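Visitor: Sequence:
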Amino acid sequence: DFKDYEFSGTSMRDHWASGFEDTVKTLRHPQWLVKPDKSAAIVVHDVHRIED
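If you count by my numbering, then the sequence shown holds residues 12 to 63, one letter each, in order.
Rather than coming from a laboratory, the hints here were simulated on the basis of the structure.
This structure is a prediction, so every number in the text was calculated from the model and none was measured.
A portion of the hints provided could be inaccurate.
[What the hints assert, rightly or not] Computed Cβ-Cβ distance ranges for the label pairs, DEER-style:
{"#": "1", "residue 1": "23", "residue 2": "51", "range": "20 to 28 Å"}
{"#": "2", "residue 1": "38", "residue 2": "16", "range": "25 to 33 Å"}
{"#": "3", "residue 1": "45", "residue 2": "13", "range": "37 to 45 Å"}
For each residue, glycine too, the CB sits at the ideal point set by N, CA and C.
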């Protein structure tokens, strides 16, 4: 399998902007930052999931 990676300045700025937007979305949910109960093996928060 061949994979083409794009590292141009424009692509990298778009990638960084996307990561920044995801971080802002995450921080809008302060309950997600609460430390989970020790009985929880894993906790996943999907900022891209469309709410039902």
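Visitor: State for each hint whether it applies.
Guide: Verification of the hints:
1. 23 x 51: 20 to 28 Å: Since the Cβ atoms of residue 23 and residue 51 sit about 35 Å apart, the hinted range of 20 to 28 Å is violated.
2. 38 x 16: 25 to 33 Å: holds (29 Å)
3. 45 x 13: 37 to 45 Å: Because 43 Å falls inside the window, the suggested range holds.
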